[in-house]
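Peer 1: Please work from the sequences and hints to get the whole structure.
The opening residue of the sequence shown carries number 3 in the working numbering; numbering runs sequentially from there.
Hints in this document: simulated from the structure, not taken from any laboratory. Careful: at least some of the hints might be erroneous.
Result set (BS3-like, lysine-lysine): computed pairs, CA atoms no more than 25 angstroms apart in a straight line [stated by the list, open to error]:
(1) Lys49 x Lys115
(2) Lys50 x Lys115
(3) Lys79 x Lys91
(4) Lys46 x Lys177
(5) Lys79 x Lys27
(6) Lys115 x Lys91
(7) Lys50 x Lys183
(8) Lys54 x Lys183
(9) Lys157 x Lys143
(10) Lys155 x Lys143
(11) Lys54 x Lys145
(12) Lys177 x Lys50
(13) Lys79 x Lys67
(14) Lys183 x Lys67
(15) Lys115 x Lys27
(16) Lys143 x Lys91
(17) Lys49 x Lys27
(18) Lys49 x Lys111
(19) Lys111 x Lys91
(20) Lys123 x Lys177
(21) Lys137 x Lys79
(22) Lys27 x Lys91
(23) Lys137 x Lys115
(24) Lys67 x Lys177
Across the chosen pairs, the derived CB separations fall in these ranges [said to hold, decoys possible]:
(25) Asp154 x Leu24: 28 to 34 angstroms
(26) Asp129 x Tyr71: 39 to 45 angstroms
(27) Lys157 x Lys123: 18 to 24 angstroms
(28) Gly25 x Lys111: 29 to 35 angstroms
Owing to the predicted nature of the structure, the values given are computational and were not obtained by experimental measurement. Even for Gly, the Cβ is constructed at its ideal location relative to N, Cα and C.
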Amino acid sequence: MKYIINTLYFLSGRIYVPTHLLGRKNVILHISDTPSNIYASIIKLVKKINPKYIIHTGDIVDNIKLELYPNRLNEYKDYASMFINELVKYTSNGLIIIPGNHDNIDVIKNIDKVIIVEEGKSISIDDISLGISHKINNLPKYKCDFYLYGHDKSKGNRNQLNGINSINIIDIESKNVFHLKYPMGTDNYRLLRTKIGI
Numbered sequence: 003m004k005y006i007i008n009t010l011y012f013l014s015g016r017i018y019v020p021t022h023l024l025g026r027k028n029v030i031l032h033i034s035d036t037p038s039n040i041y042a043s044i045i046k047l048v049k050k051i052n053p054k055y056i057i058h059t060g061d062i063v064d065n066i067k068l069e070l071y072p073n074r075l076n077e078y079k080d081y082a083s084m085f086i087n088e089l090v091k092y093t094s095n096g097l098i099i100i101p102g103n104h105d106n107i108d109v110i111k112n113i114d115k116v117i118i119v120e121e122g123k124s125i126s127i128d129d130i131s132l133g134i135s136h137k138i139n140n141l142p143k144y145k146c147d148f149y150l151y152g153h154d155k156s157k158g159n160r161n162q163l164n165g166i167n168s169i170n171i172i173d174i175e176s177k178n179v180f181h182l183k184y185p186m187g188t189d190n191y192r193l194l195r196t197k198i199g200i
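Peer 2: What follows is the structure, given as structure tokens:
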């Protein structure tokens, strides 16, 4: 039954949140490479979960490939500002961003409640150490409880969490990790494919 519900949410463009995740105040939400087409779903998810921290491992407006199309900076700024300002409303401690290759740091750093962390660094949240990067190859080499990254579909080991493959939720107290599916079509939007399906 859980699989059927999850599939229905996925197909409808929504994100299924199991009831055992609702009401947990002490969680970290990790996302990466978010095209603007899924912002509404991500914002609804953040409202439901109300995480202590949100960590975004880069490419905030992933359907605007700013590295390739720098002339789209104003469009990027509009989308990124709107999305970030909406996210910070629903997190108690702020939004941590590791800028990606399609991000503009000058746009991001001027938004309240945003903490910018350099790629390849580590941070501590309560008793959890997190190595963070946009690309898996730039993760710190020293020991951390979890390593968070995005950028491509690379699969790491057990404690390496790819924010492209899934939305990752880390329970700060138990250190349990929960994986949620992005809405259907997310990868198509990331890869600038406009049609979904056949």
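Peer 1: If a hint holds in the structure, say so; if it does not, say that too.
Peer 2: Verification of the supplied hints:
1. A threshold of 25 angstroms between alpha carbons decides the hint, and for Lys49 with Lys115 the separation of about 17 angstroms falls inside it, so the pair holds.
2. For the given pair, Lys50 sits about 20 angstroms from Lys115 by alpha-carbon distance, which is consistent with the 25 angstroms threshold.
3. Of the supplied pair hints, the one linking Lys79 and Lys91 holds, its CA atoms being roughly 18 angstroms apart against a limit of 25 angstroms.
4. Under the criterion of a C-alpha separation no larger than 25 angstroms, the hint pairing Lys46 with Lys177 is consistent with the structure, at around 24 angstroms.
5. For the suggested pair Lys79 and Lys27, the alpha carbons sit about 30 angstroms apart, so the restraint of at most 25 angstroms is broken.
6. For a cut-off of 25 angstroms, the pair hint linking Lys115 to Lys91 stands: about 9 angstroms separates their Cα positions.
7. Proposed proximity of Lys50 and Lys183 is supported: the alpha carbons are some 15 angstroms apart, at most 25 angstroms.
8. About 20 angstroms separates the Cα atoms of Lys54 and Lys183, which keeps this hinted pair within 25 angstroms; it holds.
9. Distance check on the hinted pair: Lys157 and Lys143 sit about 16 angstroms apart at the alpha-carbon level, within 25 angstroms; holds.
10. Note on Lys155 and Lys143: the hinted pairing holds, with a Cα-Cα distance of about 20 angstroms set against a maximum of 25 angstroms.
11. A hinted pair counts as satisfied when its Cα atoms are at most 25 angstroms apart, and Lys54 with Lys145 qualifies at roughly 23 angstroms.
12. In summary, the hint linking Lys177 to Lys50 is supported, as the alpha carbons are separated by about 20 angstroms, within the 25 angstroms threshold.
13. Between the alpha carbons of Lys79 and Lys67 the distance comes to roughly 12 angstroms, so the proposed pair stays at or under 25 angstroms and holds.
14. Between Lys183 and Lys67, the direct Cα distance comes to roughly 23 angstroms. Compliance with the 25 angstroms bound is thereby established for this hinted pair.
15. Between the alpha carbons of Lys115 and Lys27 the distance comes to roughly 18 angstroms, so the proposed pair stays at or under 25 angstroms and holds.
16. A threshold of 25 angstroms between alpha carbons decides the hint, and for Lys143 with Lys91 the separation of about 34 angstroms lies outside it, so the pair is violated.
17. In summary, the hint linking Lys49 to Lys27 is supported, as the alpha carbons are separated by about 12 angstroms, within the 25 angstroms threshold.
18. For the proposed pair Lys49 and Lys111, the alpha carbon gap of about 23 angstroms is at most 25 angstroms, so the pair holds.
19. A distance of roughly 17 angstroms separates the Cα atoms of Lys111 and Lys91; the hinted pair therefore holds under the 25 angstroms criterion.
20. A threshold of 25 angstroms between alpha carbons decides the hint, and for Lys123 with Lys177 the separation of about 20 angstroms falls inside it, so the pair holds.
21. Of the supplied pair hints, the one linking Lys137 and Lys79 holds, its CA atoms being roughly 23 angstroms apart against a limit of 25 angstroms.
22. Proposed proximity of Lys27 and Lys91 is supported: the alpha carbons are some 14 angstroms apart, at most 25 angstroms.
23. As the CA atoms of Lys137 and Lys115 are separated by approximately 24 angstroms, the hinted pair is consistent with the 25 angstroms bound.
24. Taking the CA atoms of Lys67 and Lys177, the gap is about 34 angstroms. The hint is violated against a cut of 25 angstroms.
25. For Asp154 and Leu24, the Cβ-Cβ distance of about 31 angstroms falls inside the hinted range of 28 to 34 angstroms, so the restraint holds.
26. Range check, Asp129 to Tyr71: Cβ separation about 42 angstroms, and the 39 to 45 angstroms hint holds.
27. Distance hint check for Lys157 and Lys123: the Cβ-Cβ separation is about 22 angstroms, which falls inside the suggested range of 18 to 24 angstroms.
28. In this structure the supplied range 29 to 35 angstroms holds for Gly25 paired with Lys111, their Cβ-Cβ distance being about 33 angstroms.
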